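Spelled out from the first residue to the last, the chains are:
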Amino acid sequence: MIIFLSRRLLMTIPTLFGVALIVFLLMRAIPGDVVTQLIGVGEDVSPERMDELRRIFGLDLPVHVQFWQWLTAALQGDLGSSLRTGRSIATDLMLRFPATLQLSAMSLGIALMLALPIGIVAARYRGRWPDYLGSAFVLIGLSVPGFFLGILLILLFSLRLGWLPPAGFVPLFEDPLESTRRMLLPSLSLGLILAAATTRIMRSAMLEVMERDFVRTARAKGLAERVVTMRHALRNALIPVVTVVGLQFGSLLGGTVIIEQVFSIPGVGRFALEGINLRDYPVVQGAVLLISAAFVFVNLLVDVLYALIDPRVRYG
Amino acid sequence: MRTWLLVTLLVICGAVLAQPQSGGVLRVGMQTDPVGLDPHLTNATASRNMLENTYETLVAFNSAIEIVPGLAESWETSDDLLQWTFYLRDALWHDGTPVTASDVKFSIERIKDPDVASPRSSNFATVEQIDVIDDRTVVFTLSQPFTPLLSFFASSLNVIVPQHVVEEHGDLQNVVVGSGPFRFVEYLPQTRLVLERFDDYWGVDGDGNSLPYLDGITFTFYPDATARSTAIQTGNVDWIEYVASVDVSPLEADPNVVVVGGPTANYRAVQFNHERPPFDDYRVRQAFAYAIDKQMIVDLALFGVDGVVATGATVPPGNFYAVESPYNVRDVEKARELLAEAGFPDGFEFEFYVTSTYSFLRDPAEVVQSNLADIGVTANIKLEDWSIYLPNYLAGEFTVILTGSSGQADPDAFLHTPFYSTSSGNWISFADERVDELLDAGRLEPDPSVRREIYREAQERILHVSPMVFLFHSAQYSANRPNVQGYEFYPNGSYLGFRTTWLDN
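The listed protein sequences correspond, in order, to chains A and B.
Position 9 of the first sequence, counted from 1, bears residue number 3 in my numbering, the numbering being contiguous throughout.
Residues are numbered in my numbering as their position in the second sequence, beginning at 1, plus a constant of 180.
For the record, the hints were derived by calculation from the structure and aren't laboratory data.
Any given hint could be a false lead.
[Claimed, not checked] Facing chain A, according to a computed beta carbon distance under 7 Å, are these residues of chain B, among others:
| # | residue |
| --- | --- |
| 1 | Q199 |
| 2 | Q201 |
| 3 | T414 |
| 4 | P571 |
| 5 | S601 |
Only a predicted model underlies this, so the values are computations on that prediction, with no experimental measurement involved.
Glycine residues also receive a C-beta, built at the ideal position from the N, C-alpha and C atoms.
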């Protein structure tokens, strides 16, 4: 297990390097740079002055030199500071990552609380009304866009019922209760959609497992259906679910820009998007590095979970 | 327009009837975060609007966009218009040290400094030398007369900053020490920006009560328009900026919300790249101007509330320098004749570059497209995100584009930047000798009534050669709870109105 883990950890290095390089090149391939976005439309700035500004921002250097400078600094733990706000990128990421983590964790919690029971019940009552209800839930959840659901939730719970504030963020450690309250609507918007996808996987995995020999054996030895389902079938059906949920959690950590935008959550995704729009290269690099590291880490975690759920899975 | 008048009347009545009360924190819902906190290093409206009450300018605009005293109590100019002397008032920085003439010199030199990344270094290009006479007196010597100078001093990102703080911290991105009515407390990105009352501020109201009335302002951020409107309706905030055009009527109908706003200083136009035929022919450009129905754009694309028809050129109607355009009545016949004269009796096709990011720049394009179809011209709309579209525009990578620019005060800013042949803000490669002569003359002339004649002639010439089809001037709306009193709407989009805002509790 330790060998496996260290090998996997080593493999993340080329992954992260590759992501950083691709993002670096992509950012420079799109039109405009921090200078054009700084000046805007209504300003009389001569081309000579624009070149001067590029020099101040270090954009006059060849691209490979710029990448090397960024890389060597990043390897020493220095992600630099934003070209536009002058703020330390590491500090800003530390401010934003907890918000993203909180949103992702709450969404995942809501998704699992809904998806596991609905999926199991749908599989057990296959072809009967609980199954149809479950399918309806899946269909609606998969077809409603998240931002639309978010706005509907705001209109219902804030404007109509007045139960929750429409948007806005309070850091978790500043006021845990208020923070959770404000995270409810965005988590629900993400969680419901996530739940739909997970329900479908849960149901089909359960159905597949229920056909297996060991389930028939369990039934044959006279175990109650509840025990068969919960102890024998569920555990085996969880493997594909863990894979899918792990991937989903990874992409949640990468930011759920639209939901963050609708509910004004200071997440990593919005940070990256802002960086892209302003062509604030070091911000984009830093945010993408964190997002990809989080994604890789979650995948590693999923592999470990496999081993915990299914002792047959051996790693060497 | 009607609403705007009504609201202004209400505000005036309210001000007459009720006595301002001191105290209370105003909760403001903003659309976006500031893009950096150093006012000299950004052009972002969001930065300006949150910082302009923490800092001060040498002179300032009032809500009628007239120049009034700021940190300078008074000023005078020499007869040759080359020397401008400013006399400062007694004012303190938020750290308790006095504001001096050296701070003024330092600030303007900082904006001009080629090694400081200020996007506005050219604002003070004519300033040759700055002399500190004593702690309260500073003299600017210009290389040539430049009458728009005061409007650049009044621009609320060209603020006076404390020399000792910049020298200690390198820049002002992570520290805010101003001399304005509010003191900076904290900023958590995309969460909140907090200001509190500066007790030693010099400002007083007409009755001698010290300003500001508010104990503080807390800005929070709601990028989504629906979330922002809901926040004001549910009372989660007291004031919001940028009410979306679709939300204006519903919010006006809500008894717990007051909508304030009106046309602001800006212009939106169909702009031609003069280097690309057939748009190098003024007749083709005139034909477009006659064919496009500006009223229809305001009614359909802007819901009738999001702007007013451009009845002149870039200077909006109602402005002292505004003129009447010959294209105010749509004339399809005349447009067809002009096209035929230019050699296109059967019309032509062209690529119409439009941004998808802002509805007020996107939706009018469809009206323009259908208007042009009436004269046989096919506009192929190419939609792109603002962050791609802007650099392409600045690089001249377009044939015809729908865009505009905001925040002008002096007619020079409305006309010189986009139309002077060697101006770097002339992104359409327009050049006309007569226009250049007149714009030069305007910069040298101090007398407003003579300037008005000069700029009238310049705009008439511009309208004749038609480098752009002027469509509309955008409106801007804010909304507040009924207990928010004394807020003044500034047509240049500034939020200096918070200085006189108070809460009726």
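Results for each hint:
1. Q199: Because about 32 Å separates B:Q199 from the closest Cβ in chain A, which is outside the 7 Å limit, the hint is violated.
2. Q201: 26 Å, violated
3. T414: 5 Å, holds
4. P571: 3 Å, holds
5. S601: For B:S601, the interface hint is violated, since the closest Cβ of chain A sits about 12 Å away, which is over 7 Å.
Hint check: violations occur at hints 1, 2 and 5; the rest are consistent with the structure.
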